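Single-letter residue listing:
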Amino acid sequence: MAAYSRPDTLQAALDVLAEAPVTVAAGCTDLFPATQARALTGPVLDITGIDELRGIVREENGFRIGATTSWSDVIRADLPPAFDMLKEAAREVGSIQIQNAGTVAGNICNASPAADGVPCLLALGAEVELASVRGRRRMALGEFITGPRRTALEKGEMVAALHVPEGAAAGRSRFLKLGARRHLVISIAMVAVRLVVERGRVQQAVLAVGACSGVATRLPDLEAALVGRRASGLSIQAADAMVAAALSPIDDIRADAAYRVQAATELLRRAMNDLTAPSETAA
Amino acid sequence: MNRTLDMVDLTVNGQKVKLPADPARRLSEVLREGLGLRGTKVGCDAGDCGACTVLLDGAPVCACLTPLAQAVGREVATVEGLEVDRLQQAFLRHGAAQCGICTPGMLMAGTAFLRDNPAPSRAEVEEALGGVLCRCTGYAKIIDAMLDAAPDGPAPLPEAGHAVGARVERLDGSLKVRGTEIYGADACPEGALLVRAVRAPYAPALFEFGDLEAWAARHGVQVFTAADIPGANVFGTIPPFADQPALAETRARLRGEAVALVAGEAGTVEGLDLACFPVTWAKADPSAPVHETRPDNLLVAGIVRRGDAEAAIAAAAHVAEARIETPYIEHAYIEPEAGLAWMEGDTLVIQACTQAPVMDRDDTARILGLEPGKVRIVPSAAGGGFGSKLDLSLQPFIGLVALKTRRPARMIYSRGESMSSTTKRHPAKMTGRAGVDSEGRLTGFIFDGDFNTGAYASWGPTVAGRVPVHASGPYYTPAYAAEARAIHSYQPISGAFRGFGVPQAAILQEALFDDLAEKAGLDRLAFRRLNALQDGQPTVCGQVLQGVGITACLDALKEPWTAALDRAEKANAKGGALRHGVGIASCWYGCGNTGLPNPSTIRVGITADGRLCLHQGATDIGQGANTVITQICADALGLAVGQFHLIGPDTGVTPDCGKTSASRQTYVTGKAALLAGRALRARILGLGNMGEDARISLSEKTLTLTDGHGERRIALADLAPDENGYVLAAEETYDPPTVPLDENGQGSPYAVYGFGAQIAEVAVDLRLGTVKVTRITAAHDLGRVINPLLAEGQVEGGIAQGLGMALMEEYIPGRTENLHDYLIPTTGDMPKIETIFVEMPDPEGPLGAKGLGEHVLIPTAPAILNAIRHATGAKITKLPALPHRVLAAIREADT
Chain X
0 MAAYSRPDTL QAALDVLAEA PVTVAAGCTD LFPATQARAL TGPVLDITGI
50 DELRGIVREE NGFRIGATTS WSDVIRADLP PAFDMLKEAA REVGSIQIQN
100 AGTVAGNICN ASPAADGVPC LLALGAEVEL ASVRGRRRMA LGEFITGPRR
150 TALEKGEMVA ALHVPEGAAA GRSRFLKLGA RRHLVISIAM VAVRLVVERG
200 RVQQAVLAVG ACSGVATRLP DLEAALVGRR ASGLSIQAAD AMVAAALSPI
250 DDIRADAAYR VQAATELLRR AMNDLTAPSE TAA
Chain E
0 MNRTLDMVDL TVNGQKVKLP ADPARRLSEV LREGLGLRGT KVGCDAGDCG
50 ACTVLLDGAP VCACLTPLAQ AVGREVATVE GLEVDRLQQA FLRHGAAQCG
100 ICTPGMLMAG TAFLRDNPAP SRAEVEEALG GVLCRCTGYA KIIDAMLDAA
150 PDGPAPLPEA GHAVGARVER LDGSLKVRGT EIYGADACPE GALLVRAVRA
200 PYAPALFEFG DLEAWAARHG VQVFTAADIP GANVFGTIPP FADQPALAET
250 RARLRGEAVA LVAGEAGTVE GLDLACFPVT WAKADPSAPV HETRPDNLLV
300 AGIVRRGDAE AAIAAAAHVA EARIETPYIE HAYIEPEAGL AWMEGDTLVI
350 QACTQAPVMD RDDTARILGL EPGKVRIVPS AAGGGFGSKL DLSLQPFIGL
400 VALKTRRPAR MIYSRGESMS STTKRHPAKM TGRAGVDSEG RLTGFIFDGD
450 FNTGAYASWG PTVAGRVPVH ASGPYYTPAY AAEARAIHSY QPISGAFRGF
500 GVPQAAILQE ALFDDLAEKA GLDRLAFRRL NALQDGQPTV CGQVLQGVGI
550 TACLDALKEP WTAALDRAEK ANAKGGALRH GVGIASCWYG CGNTGLPNPS
600 TIRVGITADG RLCLHQGATD IGQGANTVIT QICADALGLA VGQFHLIGPD
650 TGVTPDCGKT SASRQTYVTG KAALLAGRAL RARILGLGNM GEDARISLSE
700 KTLTLTDGHG ERRIALADLA PDENGYVLAA EETYDPPTVP LDENGQGSPY
750 AVYGFGAQIA EVAVDLRLGT VKVTRITAAH DLGRVINPLL AEGQVEGGIA
800 QGLGMALMEE YIPGRTENLH DYLIPTTGDM PKIETIFVEM PDPEGPLGAK
850 GLGEHVLIPT APAILNAIRH ATGAKITKLP ALPHRVLAAI READT
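Read top to bottom, the protein sequences are chains X and E. The opening position of the first sequence corresponds to residue 0 in numbering that gives the first Met the number 0, with each subsequent residue numbered one higher. The opening position of the second sequence corresponds to residue 0 in numbering that gives the first Met the number 0, with each subsequent residue numbered one higher.
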């Protein structure tokens, strides 16, 4: 039986991490499905006993989402409307059972192309706080996820928290996910849109698409094209070509690549419509 | 490998317990194996099915995804801790548990939700239960129960003579809602060996073993291969086609085929990395025939011909043509195969999940070189079957290990193992042409289909035989030519799955009929009504039927059809991205074996101390045979359902009621139960010298007979017991009268058919290609409804499987061997379902009853596909209708 550590302080966890390679475990909703074994294999560092890592707190410059914050914690948290998309995504992660265990940080560490949380966190300008005995460092989420199932985590390092900067916690937001069934479904495509609208014009537009490329991605060209435009009728700006240029979808069992682009574009339009004309709801 | 485990303190259901356990172990394992709390079920070990839902500090989580360490210091609640409460009683009252394997998970998720939301909406309940999959019920009755968890007690059982037609709660239901039912994985005596299989990573493959002895010794286990099999290493559900080895010998024909068994102490075997097993694999020639004796990989072709179909189509006023492809479909019962085997003297006893205990016995005995009488099958409860548990899976494996080691041997398939190695629905490539005269009357129909039957025969011959018989649908088709070929491939074995190929064929036929209706200028329901088979008309096999209920079903749908079309039209008038549409399709299905003997035998007896025993040999896999067969027997005998003591399909004590397949149990076993009940009644009345109208009552050790003239008492203790221990008993066998098909497929393949038709209403998103089925109205002719509560459950569950087939289910070997890539409907995918029962008594069925189990699935997918087409013009030719396929078809229809 391999070692299983469940420390109650971050420092103790970092000490364990520094000693030898170890699997960092939190909600285990990705770790257990990856094995047929009756128990997690190899040495495990279970970080769920560390109180300081759980929950969302408002800080001076933004919001801190602790590494063991579950999706259910996100749903229950009192957060500004910019986070609505993250809450909407939280409700779409697996099932209530999964939401009660699975964590936001685990979602980014697993780095699935279809991670429900990632487009929202990208659209919130999230930064990842990495910790090791060597100290702490921060990087943008887009840099942290380096490819499908790959991250910038170095040896002895773990995610301690995600940070959403104050400036990105502005405006209203919407998340839309498309799958072939209602619950417990892996996305075919999903979008997160956050808009800051003042006096009828777009001040800030942040758009991200998931499951349509190796890593969820922002759409900087389209975002730039939206700024300054009238909010009403904004969605027609989401042209297939511009969306397609930012994505690199694949054909797989869930859909073909061409469909993914069409669906992502349509979902972006609907999300924008929802945010600019809230009476029209998407299908 | 004895490891020292730290002691762990847990609080489970309010009790503090202490046990040695690995903190990294799945909580589900600790509960089940460490604490013996096997009410928590394991369906996938991946959080995909929710069967293992328990509460941690009141919040639902999947126990399979929770390391033990995270449960320490928190309150764990499992189904065993639920007092028999309002929700459990509501589950029984509403028929919310069928096979019952998802029930503990549903109850736990439901309990947590209702605690915080005592008066929820239907939508909220759907959301709350979205994380628990059910393959039997279609969820409707589970949600009904959640919305009606009122403090009613259990419903009273009907009085004597009033069982048939009553909404009797399942007689075996309380075990299911308490979590005490024993499924395949739930029996585990001390000292049982754990068995695992080494399986082919790809196919076709040749393999050679290395030094098995050394490997076994090094790991402290025993290894068994084909060389250890004492009997004939070949089995198959249809003896003339038997071709499947229990363990492959040198060549694997499908990915997932077992080649060796590893058995040993559970703690040792579970941790073995079988990738290190000494076997070398080499790719084999995929162009070589799958079986040398079957050229062109043709297993068998089924043919039905009547009249000159080509000529009829050539002369038709309107002709339609279609080509449709359907994929492998996985049964996806929530219980992976599992069981236990042990020796009792020189008899091998196997307790495993199954649909066919006597077939299991005979095939296992042959493989193990035993007389059939030396194998006893004691079926565990089956956590869903739908056809796949008709075939042997692990029975020969655990049997071999128990026989060789003389120790109990236990095996539990993983989800991936279950999906890769057991049977599937046949993928089909079908073409069809049909013609009508100027009035829209069918003149001819030609059907042709290749059915990928995979590596071994299994039920391929049955599918090839049933499809041409049924591909016409329940319509009068004067000229007909249909051929279905079962073709081998190095792929999963296609076997029995609810409908035996008929659901695939119905998709093609009903698509053609929409074309023909359109060309003939007829309303789609009117077209079907015009062509519906009538009493006295010959079927495509030339069989003349009585009690044909299709017209009555279509008539019952007339008003719902008009209302549905009206709803769609109104909704479409609003514009927007959603287009609404309505589709209709019919079904018919012959109950029982196709032109072959198919008997059931029912024994019912009373012991000297007044125990009324029904040997109910129809395996109940959730469909309700335990209840329905008892209801029929009870009324025939004239005693109350509540007085019956059920003895299950244990081959050691219960006569053969055949297999639970082909929608035959209510009809065939039901008829045997009717005859046995009547025979026992006649014996009792004879003893008392009373007339047919006398009332029988049984209390304590006395039978009392009363009629208008007086009362007679029979003291049971005064009677001599028979060899089975009964002082009064009857045993009756019923075998459906059929006539085998001739070379043109003409004959009387089934004695009883059931009929139905369904209307599907859909909303299609024109820009995303997504389809939401909003409502299904199902009219089914059951001849006589024995138990409306359970029959509705069959309809709703069949519709769920049909919906999955239409919209999301596609099994891809090596790619979708789990329940997150292989999708089945969740609570949120199901439409509102309205069931209409039609009773056109069948002259042969017990009290007029016909089968239902498979019928209900057949019309659903074609009705949905026809509704998509009605909404958008899109013709889906390749299933499932995933969003990208629907969107592409919409665009094609627009151009």
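Calculated from the structure, these hints are not laboratory results. This structure is a prediction, so every number in the text was calculated from the model and none was measured. Please note that the accuracy of each hint is not assured.
No farther apart than 25 Å at their CA atoms in a straight line, the calculated lysine to aspartate or glutamate pairs in the DMTMM-like style are these [stated by the list, open to error]:
| # | chain 1 | residue 1 | chain 2 | residue 2 |
| --- | --- | --- | --- | --- |
| 1 | E | K877 | X | D77 |
| 2 | E | K15 | X | D255 |
| 3 | E | K771 | X | D255 |
| 4 | E | K428 | X | D251 |
| 5 | E | K877 | E | E248 |
| 6 | X | K86 | E | D447 |
| 7 | E | K874 | X | D7 |
| 8 | E | K17 | X | D7 |
Covered stretches of chain X, going by a simulated chain E footprint (3 or more residues, C-beta under 8 Å) [what the hints assert, rightly or not]:
| # | stretch |
| --- | --- |
| 9 | 103-113 |
| 10 | 157-169 |
Note that CB positions come from ideal geometry on N, CA and C, so glycine has one too.
Open item on the list: Name the hints, by number, that the structure is in violation of.
Closed with: 1, 2, 5, 6, 7, 9, 10
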